[in-house]
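With chain A's structure known, arrange chains B, C, D and E on it following the hints.
Residue numbers (the numbering used here), protein chains in the order written: chain A, 1 to 83; chain B, 84 to 166; chain C, 167 to 249; chain D, 250 to 332; chain E, 333 to 415.
Possibly wrong hints are sitting among the right ones.
Unchecked claim - Taking lysine to aspartate or glutamate pairs in the DMTMM-like style, the calculated list, with each CA pair at most 25 Å apart, reads:
#1 Lys363(E) / Glu2(A)
#2 Lys280(D) / Glu251(D)
#3 Lys33(A) / Asp103(B)
#4 Lys114(B) / Glu85(B)
#5 Lys31(A) / Asp63(A)
#6 Lys363(E) / Asp395(E)
#7 Lys114(B) / Glu246(C)
#8 Lys365(E) / Glu251(D)
#9 Lys197(C) / Asp395(E)
#10 Lys199(C) / Glu168(C)
#11 Lys365(E) / Asp186(C)
#12 Lys280(D) / Asp312(D)
#13 Lys114(B) / Glu334(E)
#14 Lys280(D) / Glu85(B)
#15 Lys197(C) / Asp243(C)
#16 Lys280(D) / Asp409(E)
Rather than coming from a laboratory, the hints here were simulated on the basis of the structure.
Each chain, written out:
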Amino acid sequence: MEIMQVTGSLVCSQRVGGLDHMNLRILRTSKGKLNIAVDPVGASPGNWVFTASGSAARFACPDPTVLTDLTIAGIIDFWEPDG
Amino acid sequence: MEIMQVTGSLVCSQRVGGLDHMNLRILRTSKGKLNIAVDPVGASPGNWVFTASGSAARFACPDPTVLTDLTIAGIIDFWEPDG
Amino acid sequence: MEIMQVTGSLVCSQRVGGLDHMNLRILRTSKGKLNIAVDPVGASPGNWVFTASGSAARFACPDPTVLTDLTIAGIIDFWEPDG
Amino acid sequence: MEIMQVTGSLVCSQRVGGLDHMNLRILRTSKGKLNIAVDPVGASPGNWVFTASGSAARFACPDPTVLTDLTIAGIIDFWEPDG
Amino acid sequence: MEIMQVTGSLVCSQRVGGLDHMNLRILRTSKGKLNIAVDPVGASPGNWVFTASGSAARFACPDPTVLTDLTIAGIIDFWEPDG
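Only chain A is shown next, with the shape it has when bound in the complex (with noise of 0.2 Å):
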């Protein structure tokens, strides 16, 4: 899993049904790099999450026919980038 800070919200009406009602986050990684993630914990902005990837990512969201790549599986509790 990676470690990811979250952003902000994505606002995205025109979606593929698989992913309605589910709220999108904006992350950024390590390097600065932004993705897309799913959220089922309720992260808040510029909080440090840890996301899984791949069919891990659908099976993170209760409904497992969710279609993400990348879902938000934990808020980590302290977190020094760098350090």
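Positioned in the frame of chain A, the structure of chains B, C, D and E alone reads:
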């Protein structure tokens, strides 16, 4: 999921069977790399979209046997690259 | 899916069972990296193709038990690299 | 599988359901990137381990429904980095 | 599939259950990165091989429950790196 911009469509008359009749789009990542994605949502050149990869890409199509490893999952309403 | 160019075929007489009788092509990515792909469409050296990776690569073969993580999914009609 | 070094454990009280009670380790790759992995073998900080990713990561846990995309698969007996 | 060169074997007495009795090889990519792969074909140090990753890696083993994300799929007859 990753954020990419649609740059055009792909003309490809000789394909494997599982991709018949699917629209194929050329997408550019934030680093300038070009990818090919199946498009079930009807994106246009210039649109910013986010994409699902891996096994999720197949389930994002109406027919999960479509042979894709990258599918456009939604069109982003507003997006400022590097903003 | 990624865009690559066919550079040749791979001679490999000692293989695992699941790859028997499949044509293997050497492909070059836009960054110059070489990959090996199963070729169910009959591409020739110099052709620009797009490839399916991951589990989709297996389903792109007539026999889904073929042991591949990269399969040529189609031959692109016209392609200008970096164009 | 990749070779990484254990640097510590991750404190993360707010997780998705499928990760309950699993030990999470912070690993560093040869390029210095940090990853989070499920640890079913009991590795200690400083240990060199090799990791399984993707769907194999789930099967490496006693319970294959554990939501992981990276799992420690073994502790290497002797390892000289860059040697 | 990727092309790598065998550099040696991995001694690893403490493993997860699903890797028992499998030969593990250390492989070097064209960029010098080291990977660990399961070897069902009997490759020797110095051999150039090509590898299957992801879920295909599991099916490349006689027993598909082997916990691997990288498996040697064949030994290349002739190979000139960067040639």
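Exercise. Could you grab the alpha-carbon distance between lysine 114(B) and glutamate 246(C) and see if it respects the 25 Å cut-off?
Key: holds, 19 Å
Quiz prompt | Satisfaction of hint between aspartate 63(A) and lysine 31(A), Cα-Cα up to 25 Å | solution = violated, 31 Å
Quiz item: Is it true that the CA of lysine 363(E) sits at most 25 Å from the CA of glutamate 2(A)?
Solution: holds, 23 Å
Self-check item: Pair hint outcome, lysine 363(E) versus aspartate 395(E) [Cα-Cα no greater than 25 Å]
Solution: violated, 31 Å
Quiz item: For the pair supplied as a hint, lysine 280(D) and aspartate 312(D), is the alpha-carbon distance within the 25 Å limit?
Solution: violated, 31 Å
Quiz item: Given the hinted pair lysine 280(D) and glutamate 251(D), is their alpha-carbon gap at most 25 Å?
Solution: holds, 12 Å
Practice problem: Could you grab the alpha-carbon distance between lysine 280(D) and glutamate 85(B) and see if it respects the 25 Å cut-off? | Solution: holds, 23 Å
Self-check item: Pair hint outcome, lysine 33(A) versus aspartate 103(B) [Cα-Cα no greater than 25 Å]
Solution: violated, 34 Å
Quiz item: Does lysine 197(C) pair with aspartate 243(C) here, judged by a C-alpha cut-off of 25 Å?
Solution: holds, 21 Å
Quiz item: Is the hinted pair lysine 197(C) and aspartate 395(E) satisfied, with a Cα-Cα distance of at most 25 Å?
Solution: Violated, at about 36 Å.
Practice problem: For the pair we were handed, lysine 365(E) and glutamate 251(D), check the Cα-Cα distance against 25 Å. | Solution: This hinted pair holds, its Cα atoms lying about 9 Å apart.
Exercise. Mind checking the alpha carbons of lysine 114(B) and glutamate 334(E) for me, to see if they're no more than 25 Å apart?
Key: Between lysine 114(B) and glutamate 334(E) the Cα gap is close to 23 Å, so the pair holds against 25 Å.
Figure legend: structure checked against the earlier numbered hints; hints not met, in rising order: 3, 5, 6, 9, 11, 12, 16.
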